[in-house]
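Trainee: Residues per chain, in single letters:
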Amino acid sequence: MASPEVSEVGSDGLRQSPPEAALGGPAIPKSKMFSRDSIVVGAKAVAGIVGLFVVWQLVVIIFSPPEYLAVGPISAFDELIKRPDYFASNTWVTLQEALAGFALGTALGILCGAVLHYSPTVRSFLYPALIAIDTIPKVALAPLFIVWFGFGFESKAFVAMAIAFFPLVINTYDGLSSVPHELQELARINKASPWKKMTKIDFIYAIPSIFSGAKISISLAVGGAVVGEFIAGSKGLGYVILLANSQVDLPSMFAAFIVLAAIALALFFIVDFAGRKLVPWKNHAK
Amino acid sequence: MNNEYAISVNNVGKTYRSRDGQDNTVLKGLDFHVKPGQFVSIVGQSGSGKTTLLKTISGLQEPTEGEILVKGRPIRDGIEDIAMVFQSPVLLPWRNNIDNVLLPLEFRGTRTDESRRYAQELLEMVGLGGKAKHYSYELSGGMQQRVAICRALVSRPELLLMDEPFGALDAMTRDSMNFEIQRIWQTTGCSVLFVTHSISEAVWLGDRVVVVGDRPGRIVADIAIDFPRPRGKEHRFSTAFSDYTTEIESHIGVVTGIS
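Chains X and B, in that order, are what the protein sequence lines are.
Numbering-wise, UniProt numbering puts 149 at position 149 of the first sequence, and it's gapless, one number per residue.
Numbering-wise, UniProt numbering puts 179 at position 179 of the second sequence, and it's gapless, one number per residue.
Honestly, the hints are just simulated from the structure, not real lab data.
The reader is advised that the hints may include incorrect statements.
Said to hold, decoys possible - List time: in silico EDC-like cross-link candidates among lysine to aspartate or glutamate, alpha-carbon distance up to 16 Å:
| no. | chain 1 | residue 1 | chain 2 | residue 2 |
| --- | --- | --- | --- | --- |
| 1 | B | K55 | X | E185 |
| 2 | X | K196 | B | E106 |
| 3 | X | K197 | B | E106 |
| 4 | X | K191 | B | D81 |
| 5 | X | K282 | B | E138 |
| 6 | B | K71 | B | E158 |
| 7 | X | K200 | B | D99 |
| 8 | B | K35 | B | E4 |
| 9 | B | K233 | B | E180 |
| 10 | X | K196 | B | E4 |
| 11 | B | K131 | B | E121 |
| 12 | B | K233 | B | D175 |
Construct all of the structure, not just a fragment, from the sequences and the given hints.
Mentor: Printed below as a string of structure tokens:
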């Protein structure tokens, strides 16, 4: 998240984040990381995932499909343990591509959403065009990016960026547009400069919406990186899947699925957590 | 120009042109003057252009006819001493109450070390001195609106515009807020333009009640309310009070079931 507006706004939000300190009392339920409630929620989530693995393993045991059709999670984890370096290095490649794409997509998306909001002229020209471009499956752009940016890291990062970009444009624009008109009028009556209005009201108001977009984008970015690797990759989890495919090596393939799901989940929760930290007031909304 | 009025509304009209080229006249030939320190209630039915009138006086919208002078100056010159209270308090949820009160000064770039003390004084005046560091979600609707009033007063306005400020509150809270706003107004000495749907609220609070008729919005009556200050509950149940409300109702053309 390289956008200057957001970091500005973010630090402002953080400075004012601990309401209980100012209140001098424990009366306010704070969004703690490890409160009893969140432990229960976390336990349920873990139980759900473990349950999924158990069901998966049971299905494989009961129907015992041949190993070239499906394998259980035990075989997949076994594969992970057998070749930890192989999976770690390829995961790292995919993670870097996804994160670079997400960062770029977020920065551009916020910028674009802000321009759409603040300039009606640009909006009337660009908004329909953006929606039109958004209907193109981003996967279909991957071959083009490979033509433009080569077979390396950049083309995958750009595919991830192309996918991560749109949710942020739409959500930034929506967030900025949802500022109550009374606040706009308050700013105008008090002759606030555009910059003050942006930093003291608009962008802080838009943070929850921007984070909703970022939560969608982060998972999409991982998928985008993998798609890029499918088309032209010699490393990364997408490449691991393709290679396993050609060798009918299903344990590796399922192992890659598990790792992909795990990093997407982890990234999602990191974004979600950051959002909660930056938007403490949202937890108290009526 | 006449400088003795806090506001002069001179023959003001406002016409919107809709997309199909039809003219929609919202205000027509409005002409009234407010003396410094006067409390003027404005009543009228929904859609009679009361809010448009307030927005025009605040400079948020421009009149298509006539002119509005604040202390003898056209509003376009940049009037420093107008403040507005909206129907909804719209406090910023990420700021505590005192920081919400200080927001207009930050907008204006006139916040000083002294400002905080003044904001605290204002909160104390509305009975929320102990809630300065609290957040809006911890307050009732009435308390939030009191914070919003402090936010309007922090820039020491000479003219306070209130657009149905108690419209969203329950009847009991509304009554106590009426007492509150009378007290605040008497303490600060600013002029108030108070838009409301409630005729009894308008009569009880106002030195004058301006009745705005609808389609297009125009002044149909301007009635001086002759009660001493500070007004108490007893005025609300006097014969004179119901005479005022009956007269105003007849101007608005409200059919009331209960008197």
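Trainee: Tell me, in ascending order, the numbers of any earlier hints that this structure violates.
Mentor: 10
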